[in-house]
Amino acid sequence: MDIPISHILFVSTALFFIGMYGLFTRRNMITMLMSIELILNSVNINFVVFNKYLYPEKLDGIFFTIFIITIAAAEAAVAIAIIINLYRSHRSIDVETAEEMKW
Amino acid sequence: MNEFLLLMKQELVITLIIFILLFVKLGKEEMKNETLINFVNILLALNLASGFFLQQSGTLFGDMFRTSELFTLEKNLLNLGTLIISLQSYNWLKDHKHAPEFYILLLSTLLGMFFMISSNNLLMFYLALELSTIPLAALANFDLEKRRSSEAAFKMIISSAFSSGLLLFGISMLYGSTGTLSFTELPAHLDGNPLQIFSFILLIAGFGFKISAVPFHLWTADVYEGSPVSVTSYLYVISKGAILFVLVSVLYNAFAPLNESWYNMVFLISVLTMIIGNLFALRQENMKRFLAFSSIAQVGFILIGITGYSPEGSASVIFFVLIYIFSNLAAFGVINLISAETGRENMSDYKGFYQANKGLSWVLAIALFSLGGIPPTAGFFGKFFLLLAGAGRGNYLLITIAALNMVISLYYYLKVIKAMFMDANDNPIERVQAGWSPRLAMIICIGGIIITGLASGAYNYIYTLVK
Amino acid sequence: MNYSSYIALIPLLPLAGFVLLGLFGRKYLKASSGIIGTGLLLISCALSLYTAYNYFFVDGKVGDTYQTITAVKYTWLSFSENISIDMGIILDPISVMMLVVVTFVSLMVHIFSLGYMKGEDRFATYYAFLGLFTFSMLGLVISSNLFQIYIFWELVGVSSYLLIGYYYDKPSAVAASKKAFIVTRFADLGFLIGILVLAFYGGTLDFNILIQRLTDEQSPQFLGITTASFVGVSALTWGLTLIFIGGAGKSAMFPLHIWLPDAMEGPTPVSALIHAATMVVAGVFLVARLFPLFTITPVALSIVTTVGIVSALLAAIIACTQTDIKRVLAYSTMSQIGYMMFALGVSGYGGEDGLGYTASMFHLFTHAFFKSLLFLGAGVVIHFIHSNEMRDMGGLRKYLPVTNLSFFIGCLAIAGIPPLSGFFSKEEILLAAYQSNKIVFYIALITSGLTAFYMFRLYFSIFWRDKSLSPLERGWGEAHGEGPFSMKLPLMILAVCSVLAGLIPFGQYVSSDKVPLESHFDPMFSIAPVLMGVIGILVAAWMYRKENDKPQRISHSLGGLYKTAYRKFYIDELYLFITRKIIFNLIGRPAAWIDRHIVDGLMNGIAYTTGTISGFIKGIQSGKVQSYAIYFFAGIVALTIVFLYLWK
Amino acid sequence: MNLSLLILIPLLTALAILPMKNLKQVRIVALLGSAVQLILAFVLLYFYQQQRADGNMANFLFEDNYTWYAPLQINYHVGVDGISIAMILLTAFVVIAGVLVSWKMPARPGGGEGLSKEFFFLLIFLSMGAYGFFIALDLFTLFFFLEVAVIPKFLLIGIWGSGKKEYSAMKLALMLMGGSALVFVGLAGIYFYTGSFDLLQIAGMDIPLEVQKLFFPFAFIGFGIFTALFPFHTWVPDGHSSAPTAASMFLAGISMKLGGYGCLRVATYLMPDAALEYSTIIIVLACIAILYGAFATMMQTDLKYINAYSSVSHCGFVLLGIGMLTKTAIDGAVMQMVSHGLMTALFFAVIGMIYDRTHTRQVAQLGGLMRMMPFISTVFVIAGLCSLGLPGFSGFVAEMTVFMGSWERADAFYRIATIIACASIVVTAVYILRATGKAIMGPVVNNEHLSLGDAAWNEKLAAALLILGIVVIGVVPFLLKDLINPGTEIMMQKIADVVK
Amino acid sequence: MTASQTIFYILSAFILGTAILSVTTNKIFRSAIWLLFSLIGIAGLYFWLQVEFIAAVQIVVYVGGIVVLIIFSIFLTQQAGREMPKPPVMRTVASVLAVLFGFALSYFLIYKNDFKAGEKPFDWSVNKIGTQMLETGENGYVLPFEVVTILLLAAMVGCIVIAIKAPAPSRPSPTGKTINTQGQADLETHLEKEIVE
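Residue numbers (this note's numbering), protein chains in the order written: chain B, 1 to 103; chain G, 1 to 467; chain U, 1 to 648; chain F, 1 to 500; chain D, 1 to 197.
So that you can see chain B by itself, here it is in the shape it has in the complex (with noise of 0.2 Å):
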């Protein structure tokens, strides 16, 4: 391979920020969520490549990766069970219909 390594985070971290300012900036719930699976995957882009590159005698960075894929997998369902439920009693999956606690 002679892709130094440097290009490929840089790929992961843009794509960690890419995710981070959908986060920060989309007003609508569920693409608040895509945004964060976008900052997950960044992440796994990381572990494999460090594990690949750098530590290839043991499999810690895939592991890790598998289990960030499943765990994504929970919070979405639960993120979504989540924003039904808001949904069924806000009528509206708006971030900023969602600011009734503050001060």
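No wet-lab data here; the hints were simulated from the structure.
Wrong hints could be hidden among the right ones.
Stated by the list, open to error - Each computed BS3-like pair below joins lysine-lysine, with the alpha-carbon atoms no more than 25 Å apart:
#, chain 1, residue 1, chain 2, residue 2
1, U, K618, G, K415
2, G, K146, B, K102
3, U, K624, D, K27
4, G, K358, G, K415
5, F, K438, U, K170
6, F, K104, U, K581
7, G, K358, F, K24
8, G, K94, G, K28
9, D, K86, B, K58
10, F, K460, U, K30
11, B, K102, U, K30
12, U, K624, B, K102
13, U, K563, U, K546
14, G, K97, G, K146
15, U, K568, G, K146
16, D, K86, B, K102
17, D, K128, B, K58
18, U, K73, U, K624
19, F, K494, F, K213
20, U, K624, D, K86
21, U, K27, F, K460
22, G, K415, F, K164
23, D, K120, D, K27
24, U, K170, U, K568
25, F, K213, G, K358
26, U, K61, U, K514
27, U, K30, U, K170
28, G, K97, G, K32
29, G, K146, G, K94
30, G, K415, B, K102
31, G, K94, G, K25
32, G, K358, F, K21
33, D, K116, B, K58
34, U, K550, U, K568
35, G, K97, G, K25
Dock chains G, U, F and D against chain B, hints included.
Just chains G, U, F and D now, with coordinates in the frame of chain B:
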């Protein structure tokens, strides 16, 4: 094999309870909530009792899991707290549709915390963290009809997902720069280069989010306010306590090489946390929200203890968490009862509270005194020792700030006392009759508040374990 | 012989009376309280006469000097190893003389009050207070210790306060008592600091040791106190001057005299006892007590002289214009005490130079008798017509024969007409003044003339100056004439004393160095004073014997001067200005204001600021989960920046 | 004898109050408890004198030392010397008097009698804190009891108080807690340079000067706030004036003494070099408090405010005595603590009696009380005379001792300070006599007052007890002096070499 | 420039581009689709990295599970085509700044850090993963595996409790419910299958 049984006994028991509940749920005939609750309480009590003997220390699963008497103790404390909470939630839970699910989720988070305490590996830590977070988000939504409840749940899941994302990024960077995930190997690889510091800060942020330290605390108040009182008190005491235990051991062991830099970080964070927490708590009207901010301030104090970086430091932190469990749960016991019976949660509702509910007012008052650090309650000892531990590092600026913050915090605790005892109210809360189990919980808490401090046994025991 | 066996009883009996009547009088001993008080005092009077006899004639004199006998002494409160307050009794000529005077006059007053105060509902309280006063005064005169004298000094002050304020529901009385206490208290501040100075340098509070140390030039204490100086004046001078301020305050010397005339609000017998015979001379006594020290500090001594003579003259002038008979007497008291003061001032130490000292004590002695006599007489008059004002009086000689006579004797005595007591003492004073300081002498001479004038002005306008109206028309209580025998008796006794007291060869017993002093009587010298006295009397007779308008015309002709004198030279107004305008408005009020608004405002300000900040930052908690996330991330970035680049 | 009894008996009394049925039983129990405590205090005095007579010259007698928190070298260590005993006696007197004057509960909006239990419970509990504080020889124990003695005041004032009670209660609690927070910092500092909380051990070591200079201000100001150190005295007027009678008595009589005792026993005794360093500042503040407090008092129109401000002025003498650092001055400071404790308690008691009858504390609305209530008026006059330092009462003795001691510092600065302090006796006379002249003497202003009755037996007893104390000290001061003398001498051994 | 390099850069460009599109586009459904593409791209990246197993998991779980779930819930909660409301300008600006700065900072740190490449060759195989996954000893991941199963169980229970609800008046929530639980169920089975494999 039986070693495995012994070392993981608490985790196993909890898992067992979870599965029993699962079968109860799936079983044909519905079990009455009352019996269920009492049943679970008994099981928890058994687990608590079992925690105190046959203590061993060792590691399992290729040092993924390690335990020691200290960890067992910490787990017992959490177990105790959970027991108290479940005793208190009786009034709320007895006519809730999803009592078994409540317990399943609650206990799975508790299990997560146990694993988190025992985790010897960033992977385990992360998984346990998520296990102790995600079901809580679901629990936050357990007042299914309340708008605020679901809003709270949403806020919690989103911000926890975000924070765990950052945490993960940090962990990955740490992995990238050290090549290991195990806490035991970590110190050898830490050389404090910028990337490690950065990833460490991300890690701290992850912790900070869970213990709601400034500036990672903003979700706290909203979530605490929205969720059902039992869940709030659980979030408030148990999950916070668990994370604190882990934080101490992680900082003191895994990140010992970086202690110079983390000392400064923790110092800064604790000062911010105390001040911001107090300033916000000053102006709160809703009891839960008010306690949320006060808890943030408390965390600031605990962080002082952590800065001590000494056996006294960790001992005082654990000791304080114990007291914190008692004091807060005593306070929440009353609030829980009142909100379950009358649905009133505002400070102004507590005006003239003393006229009808003498006992409850005294419980709340003692709890608040303990939180404010007034002798002879245990809170006084807790804070005193935390500050002593912090002073051990010779940072008297921190101590002075903390001491003055104690005064501010006293102000808002006294505000509640004032409302209860002094203010007049045209329709005060009428007499509330507490069932046996909330009453038992309160007795335990008050007993704890009074005894833990005056009798030095608890602290000495913890100290010997820490040593 | 051993005094300690009984001497302590002399002060303690009145104290016992005070405690007894104070605790139970109001309830149980209402009727008998007068008798009890008087009886106790009778005993202590007898005892003190017995003491005097023993001291002067039996064993007081060793060789040819009177010893200072310390009869009783125990440590009351020790500050440091050698400075301590002792409670003790020392007997020396002046203290013994004072014992006699105090107990005697006090006894007279007690007896007089039996009649005068009859029917008062706080009769017992009155006697209790009298007992307290007598106790304190006795304690004062027999003090062996500088601090002990201060203690009793305060006690006489408070008992005078209580007695002046006896008619507590009369605002004027309350005000007067307040004034008296505060003014003297102010003077006592000087006294206290003086004590501190002397005690510090003298290293002791005991009179004998103190005097003995500070009068010998070799002793380290002497060197210390004379070398140490503040604004160029030696510590000794400071100390004595400050102490003298205390004395001046009690003795109503100018400019601290303003309380004395007002003090006449108290019951008249009280005025007789406290504000004529005993307490007011405490200042003189104090100076006399420390006289050896004064003699080695000319500055202090000259201050004493000046204050004394000024007060004497000033008081005399004012007295000529007053119309309230008790006030006239009060000013005359002040004037007479002025005499005693400057007599001490002009005196030297030992032998012939000590004449002034002897004279002063002698005058103190005689003055006690005739002044109390005059006051009691005035008491009878007031008791009879229920008024203090001259204009309500006149022609009383028909109704009050005994009083008339005794009052007349008193007036003669104070005017210094031979052979009455006043003549001898005053003559000695003048002689002493003449020998040391002519100016003082001439002023004193004039003053004595004035004295005679205003006394007889008083006398004539009370007892002569007949009005055509009948007593009933003038609303006098015809019921009782001169009152019961208990009121007449003291008058007679005191009259006799005023006549005879002068014949005592006083110098034999009391002198500056305690060596008997030959008092030589020089008729040639005494012409001038007597002449002045006679002139004064004649003028008074000419003006006041008959009802006429001479006084008005003269006062008109004097115009401003008269007015000024009548207004007591506006000194009261001056004090009023200082207290009201300066102390209250410029210090007190600002202090209170600052405390409420600045100091306390600071404390509240802190709280307020905290609240405001908390309101100010509440926006962070906006309830928007996304901005939370932004803060979260910003926090991380900030931490990173700080800990990677700033806080190395 | 076992000193822990001093803590135990109030505790038991307080607990015994809880199950009581009605006001009658409650107050009986409270009275019994405090009476037993008074007796106990005298027994303690007796044993103490005996020990001293037998030539037991230990610094502290009847020591008890149990390990409490071994890892932190925290012990429960108690013991007494003359000073503590004087303070304990003072406390016992004031507490029993307080119980007596609140025999018929302070009137309270919303059922006064209803909360009698709580009232007496808190009062006794408070006293426990004071006792513990005075016998503690371990800084932690001391601090513990110091704070125990703070919060009940908040409730006492806030619930049973008058006027703007909540504000005052809050202010008092916060300022006192702020004080103890500072104290804590000082203690922590000492702890980490000596590694011990034990007062005697620490007294044995000598702490380096810069450390002392760093932590002395914390400890001193902290305790100073309790004893109305200028400019931290502002809780005094509000707190005292809003508090119910018994609480005011306790507040002014004892809790201000906690501060003085702390300043002496902890700050000055343990850090004498720093005390010397800062003595000028202390003296200046004390003088300001004395004179300025007195002048501020002159302007007050509310009897309680008058006494509160005069307390500021009088406690200034305590601080002055401590600041002067001469044995006599410190003796004076201690005597002043005791004397002021009794005197001000008496004053508040009598003001309370007047208030209970006339329902006003405004001097302008009172007058000629002597006619209706001679006993109360006489007590008032006595308290007043004591407060203006009349010989025969305790105030005089204490103040004079302070003056004498201060004058021993031969230097213009100290001299002027002393003179300023002396000057206050005149101002004191002014305000005391003004109040007396207007309220007690003079004509009756309000004819409704004509029907008012005089003191009841309990009030008479309370006043008598306090007056007894005052007069005994005033007439035979050497009793007190000899009692506290050994204690102050031991302190001076540490301080003297500093001063010389 | 070798083929693999070209592939890599194209892949990364694709990933980032679609990602950006998915967080910026205003149509929610489209953004879901863009997300899908982006995830697939990442899977491609894994292929390129020759960790096909992860790629497979990625596709199955994300593409087959999560995205499906998301799209379902989108359908459930609103009309796909509708424009999403814009965020407040202030926050957009703030986020842009925060994100850019954060990116610059962290990438700078990563870039500066010198990663020492490992010398051993990286070898993995599905059965190696499988055995390690169920191994209890050194490098055994059975414990995390169990933890995750419990987490999934809890998550499922939580979802069911929250999502199943007495039919709300207006909404046809039963459908939503069933769909939802279906989603849960098959997600569950997927995962189990994947992991044990």
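Mind checking the alpha carbons of K102(B) and K30(U) for me, to see if they're no more than 25 Å apart?
Violated - the C-alpha atoms of K30(U) and K102(B) are around 78 Å apart, more than 25 Å.
Would the hint linking K494(F) and K213(F) be met if the CA-CA limit is 25 Å?
holds, 17 Å
Given the proposed pairing of K550(U) with K568(U), does the C-alpha separation stay at or below 25 Å?
holds, 22 Å
Take a quick look at whether K213(F) and K358(G) sit within 25 Å of each other, Cα to Cα.
Answer violated: K213(F) to K358(G) is near 48 Å, above 25 Å.
Taken at face value, is the distance from the CA of K164(F) to the CA of K415(G) at most 25 Å?
holds, 15 Å
Measure nothing beyond the straight line between the CA atoms of K563(U) and K546(U); if it is 25 Å or shorter, mark the hint as holding.
Roughly 24 Å between the alpha carbons, so the hint for K563(U) and K546(U) holds.
Would the pair K358(G) and K415(G) pass a check requiring their Cα atoms to be no farther apart than 25 Å?
Distance ~17 Å between K358(G) and K415(G) Cα, so the pair holds.
Pair hint outcome, K27(U) versus K460(F) [Cα-Cα no greater than 25 Å]
Distance ~16 Å between K27(U) and K460(F) Cα, so the pair holds.
Is the straight-line distance between the alpha-carbon of K618(U) and that of K415(G) 25 Å or less?
It holds: about 19 Å lies between the C-alpha atoms, which stays within 25 Å.
Hint check: K128(D) vs K58(B), CA-CA at most 25 Å. Holds or violated?
The given pair, whose Cα atoms are some 11 Å apart, holds under the 25 Å limit.
CA of K415(G) to CA of K102(B), is that 25 Å or under?
holds, 21 Å
Could you grab the alpha-carbon distance between K104(F) and K581(U) and see if it respects the 25 Å cut-off?
violated, 45 Å
Checked against the numbered hints above, the structure violates hints 6, 9, 11, 15, 18, 23 and 25; every other hint is satisfied.
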